[in-house]
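Take the given structure of chain H and dock chain E to it, following the hints.
Quick mapping for you: the protein sequence lines, in order, are chains H and E. Under my numbering, think of the first position of the first sequence as 22, with each following residue one higher. Under my numbering, think of the first position of the second sequence as 4, with each following residue one higher.
Warning: the hint list may mix true and false statements.
Stated by the list, open to error - Which bits of chain H does chain E cover? Going by a derived footprint, with three or more residues having C-beta under 8 angstroms, they are: (1) 32 to 41; (2) 137 to 150; (3) 159 to 168; (4) 254 to 264; (5) 273 to 286.
No wet-lab data here; the hints were simulated from the structure. The beta-carbon is built from N, C-alpha and C at its ideal position, and this holds for glycine as well.
Listed below are the residues making up each chain.
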Amino acid sequence: MIKAKKQRNKGYYGYLFIMPFFIIFAVFELYPIAYTFYLSFHKWDGLMPSTYTGLNNFNRLIHDKIFFLTIKNTFRIWICNFIPQMLVAMILSALFTFNKIRGMSFFRAVYYLPNLITAASVGLLFNLLFNGDKSVINHILIALGVKGAPFNFFQNKVFVSGLVSYIQWWMWFGYTTIIVMAGITTIDSSVYDAALVDGATKFQTYRYITLPLIRKTIIYLTITSIIGGMQLFDVPATMTNGSGDPMKSVLTTSMYIYNQGFKSHNYGYASMVSVGLFLIIAVLSIFALQTMQKKESEND
Amino acid sequence: MTDKFKSYFSKISLYLFLVILLLLSLIPFYLMIINGTHKSFDIVTKLNLFPGHNLSENYETLQSHVNIWQGFLNSLCIAVPFTILSGYFGALTAYGFAKYHFPGEKILFSIVLASMMLPPQLSIIGFYQLNLKLKLLNSYFPFILPGIANATTVFFMRGMIEQGIPDSIMEAARLEGCSEFKIFNRIVLPCVMPGVATMCIFNFVSCWNNYLGPLIIMTESKKYTLPVMIAMIKGLYLSNYGAMYLAIAISIVPIIIVYAFCSKFIINGLTAGSEK
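The shape of chain H in the complex, shown without the other chains (with noise of 0.2 angstroms):
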């Protein structure tokens, strides 16, 4: 009876425990969701109250050839920093893995450095070094004697595109050879001993037992990675001075919702967008976890 009676009280007090979690959640995340939605069926201006359109966000959307460019932007910036972001973490991870390196702990220590780095200073710190014929990096040209050099880095769509992705391999891989190797810590090393044993090489042991084995981990890198790239903003907005420039080609979706929203206040077509990159974020992200389960069962 007694017991009864203290379960029943412990019960009660968890609700208590979780209760400030959920108040703000609700207020803070989940609101701001569901207003963000209902908004991108209305047109809002941020001073008059907002009136209800209909589906003309959406047809806008489905017809704005900015809408879809930013797509493919952000896109491009995150598959062109993605794979060699995976490559390299992997190279890394099985360097420090199968063998002795001195100053291992420091060399992964410094690789992580840049991701602990606000974005927005980065971004800026880039613009800095490469923008100008009189800037630091065409300084550095001119005197290794790089023919052609200065260069208007800044006028180049592909190079400004291949900078951003750069940076954000530079700010990335860092921690991503940190996952990867925290994932195959969890391995049990005797699989390893029977492998060598038959006689398998260090190359065959990391493609054939290693990535395999962390595939959970590889994953969730993946899925992470996009929904955090796909939203990329803080670097391109402050390397282009929020323009995206030249023409367009590192203007994201993010910072499209910016400009539509804050710039030119249109709130409620801002908010179909960011409806519309949510869609986009959900299906690349099903996407990627379907096909890479389906790899994990077919190797089973």
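Chain E alone, transformed into the frame defined by chain H:
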């Protein structure tokens, strides 16, 4: 002999690869610090690879155009309370999930998990409207209060409390007449403090680096956080290159210094978190 040479060669190329990546990681910061100590004129006319003598003038130029320490202070006023709330309420929520059983527990916890996957930048319009309605524009609260609902901390701490705190301790405390709330504050929280500290570092960094949120909520320049201020520095506040590099350095160097002292702790935390 050739075998020996081969292994020697592969070792060298391996270290060469690692050192190149090391340099790539560090060079931008080096160039930033070096250029922060040179005259604007020297920066545009020649290549500078060693420290200059213009640091104090650059600092004066910077100070006369933009109050960077105000931005620093604003960022601290947001990040410190945010971090404390995220640590305390993260552990409290995790404790509620780990040690109490109640109807709907599983569904509520899966909501916590799902919220980790929500793309935060896609609801900025709704977030803006919320704060407009609550009259919280130019206030610190829209950034401090969400610390109470930090799903990653809850997820991480729940595992730690489940494994690290035996029920018998709680039972013993109850028999001594300790209230449920006191059990958490006096017994559970001190026990899981190392985990809380780890999560607090990551929460502090992510809050400190937040750019888009303050950009839309802070409309008065004296409320700007450091990232917002830095992003506006070029052209709007300054045209002096040395001062601009210095401003960026002021926003970056504190993080590098803190990291230099506790990188091991941070990386261990990252590893432990991902293994869950």
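How the hints compare with the structure:
no., hint, verdict
1, 32 to 41, "holds (count 9)"
2, 137 to 150, "holds (count 14)"
3, 159 to 168, "holds (count 4)"
4, 254 to 264, "holds (count 5)"
5, 273 to 286, "holds (count 5)"
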